[in-house]
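Asker: The residues making up each chain are set out below.
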Amino acid sequence: MLRTFRIGGIHPPENKLSAGKKITALATPKQVIIPLSQHIGAPAQAVVKKGDLVKVGTLIAKAGGFVSANIHSSVSGKVNKIDNALDSSGYKRPAIYIDVEGDEWEETIDRSETLVKDCTLSSKEIVDKIAAAGIVGLGGATFPTQVKLMPPPGCKAEIIIINAVECEPYLTSDHSLMMEKGEEILVGVSLLMKAVNVNKAVIGIENNKPDAIAHLTKLAAGYTGIEIMPLKVQYPQGGEKQLIDAVIRRQVKSGALPISAGAVVQNVGTAYAVYEAVQKNKPLFERVVTVTGKAVANPSNFLVRMGTPITNLIEAAGGIPENTGKIIGGGPMMGKALVSSDIPVTKGSSGVLLLTKEESVRKPMQDCIRCAKCVNVCPMGLNPAFLMKYTIYKDWDLAEANYIQDCIECGSCSYTCPANRPLLDYIRSGKGKVMGIIRSRKS
Amino acid sequence: MILIAVISLGAIGAIGAVLLYAASKKFEVIEDPRIAQVQEVLPGANCGGCGYPGCGGFASACVKASSLDGMLCPVGGSPVMGQIASILGMEAASAEPMVAVVRCNGTCAARPRNNQYDGVKSCAIASTLYGGETGCSFGCLGYGDCVAACNFDAIHINPETGLVEVDEEKCTSCGACVKACPKNVIELRKKGPKSRRVFVSCINKDKGAIARKACANACIGCGKCAKECAFEAITVENNVAYIDFTKCRLCRKCVAACPTGAIHELNFPPRKEAAPAAAKPEAAKVETKEETNQK
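Chains as they are written, first to last, in this note's numbering: chain A, 1 to 443; chain B, 1001 to 1295.
Worth flagging that the hints you see were computed from the coordinates, not collected in a lab.
Here a beta-carbon is modelled for each residue, glycine too, at the ideal position from N, C-alpha and C.
Among the clues, some could well be false.
[As the list claims (entries may be wrong)] Quick list of simulated restraints, FRET-style, between CB atoms:
1. A/I40 <-> B/G1057: 34 to 42 Å
2. B/A1095 <-> A/Q366: 41 to 49 Å
3. B/G1089 <-> A/L257: 37 to 45 Å
4. A/I369 <-> B/N1184: 33 to 41 Å
5. B/C1251 <-> A/G436: 39 to 47 Å
6. A/G436 <-> B/P1159: 27 to 35 Å
7. B/E1237 <-> A/N323: 43 to 51 Å
8. B/I1015 <-> A/Q366: 52 to 60 Å
9. B/S1067 <-> A/P152: 44 to 52 Å
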């Protein structure tokens, strides 16, 4: 009996169109736009100015606070300007524009393909290297990795859980990475184990990727303490709290961090980035992005430099199909419709999904019929129908008393609602409001 | 038999009455009678524009306060505050009448759409998702959160322009719309003599060229108005001009100077023909806009 999380969950069609496609490196564009806020937390502070020459891997912005991350140039060339640019948030925010000239890398980066297994660094040095490389959670939440690896006093990590679930339909970037960079990922996991001083790690993979499970299980025999755990397919298993429940059968208290359950959860892409940063001195400036959609000519997995406009990716996958209704940044469940195709790829971009007009149209909202399907599927055990009501009536006290702030925005409620009620849209807005109230109470 | 029932019930009633009387004396809540008097003169809209929970809350706050400085019922205005002052025997703080002003003139015609929003028709929700359907991420979204927030039916969406418009007669400056607007487009401004006002009807902080591309009526932060102003009432910050209504003397020179027509004048009589020739076309343009605004 395979494990999965115990509360709620849905089974959307998987549509993994680009599964099994090799990762191909995308050509560098003429100009990259690198936003200064690619992570959760304070925006990074630019350390270059107009006219500066940069190489691939040069630090161009340094972390602007404790919860923040460094940003490195993904190309070599000249800084054109630092100006506001539309990013995936839907708003214009500061970004560094770099005109590409050649492809010259920083000398410190080891560009060879050879696997480096041994690491003599202490855990502190590993965490420092991860911080310097600007690594953030690559699953989409983009939380700075080094912060997760420094447990607050009084908490002790017992286990590293690697999130290789990829529960979002359509996306295959983690799957393709596991197939091609298995050894590197396992070394990355060992480094993470060393960084938080634990001797056990579990890589959770849903059993719709049997090839990845078999491949990694074979490789993991050569590493001590790493276990591959196949999981029963269920969305949103990639949620941090859901994965902890599935793997070690512990629940994280409302408002608490996963570390309180003794677990540190990292994405499989992050583990690969950690390997590259620690063993190859390569900062995080490129990632695997899936470009997919039912009407897309050639759904693919690309290795893309940060700051590449999404247009370039779509062109490489065969261009925008004729009856495209929406371009989604990310997967169909948690992704967000993009305003423009000129939006750059950032650390959090896991995929680009082109939906046809028929797929993307919203059905008209009807009255709630009290079927409680949303309550059934909510993986956090909340009551989405009521939380939407509280938001409409602006009853923030009641919303907080019913844990609106615990919503992980997975969208299962909106997906399952037979009356097509936009539950998540309301809850997200109410959650923002309640979080603001909680913050102002603390300060 | 019936007598026993009457006597026992009567006795229970009498004991109950004595207990209730004793309890009402012992636990009596002494309320300042002036609270009720003050509440009597308040409009009773319970809009919360004063910052207190409803008119009752404001009344008890007025009675408790040592002076009426900073206390204002925006709905009742000076007359009501005067009455309250006479009840409490205090000086009423003089307050200028205010009115809500919508600082966006990005009409459907001036602000082309570059995408289509099909989500929930709520400004609060749309603004958590992205900047809006046009190139301007600062302006009015037009889904009417402010219309829903208004207790006085004083704010409406003009279907032609897609913008919200304030009905000055009905607006009580309670500020509910200001709080409801996630874009901070609405501002409370001095109503001015004869309701005459001059204000910059744009809050786009983008650089001039970008703002202009997104909206033909945008403030481009050129600073011509600030140069024209003799009273230093206009400041240009973050590529957008702002007129300080405490300094503005309503000379309207800035309105004529504005190349995009972003500065609006309201409730002024038509300009005389003798106005300087250079300012003429601009002035004419502005007046047409004024007309649409008054509709």
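Asker: Now, for every hint given, state plainly whether the structure supports it.
Answerer: Going down the list of hints, with the structure as the test:
1. A beta carbon spacing of about 39 Å between A/I40 and B/G1057 agrees with the range 34 to 42 Å that was offered as a hint.
2. Checked against the hint of 41 to 49 Å, the C-beta distance between B/A1095 and A/Q366 comes to roughly 48 Å, which is consistent with it.
3. Under the hint 37 to 45 Å, the C-beta atoms of B/G1089 and A/L257, about 58 Å apart, miss the expected range.
4. Restraint check, A/I369 to B/N1184: a C-beta distance of roughly 38 Å satisfies the suggested window 33 to 41 Å.
5. Separated by about 41 Å at the C-beta atoms, B/C1251 and A/G436 satisfy the suggested range of 39 to 47 Å.
6. The given range of 27 to 35 Å is respected by A/G436 and B/P1159, whose C-beta atoms sit roughly 33 Å from each other.
7. Distance hint check: the CB atoms of B/E1237 and A/N323 are about 45 Å apart, consistent with the given range 43 to 51 Å.
8. Between B/I1015 and A/Q366 the C-beta distance comes to about 58 Å, which sits within the given range of 52 to 60 Å.
9. Between B/S1067 and A/P152, the C-beta spacing of about 48 Å keeps the proposed range 44 to 52 Å intact.
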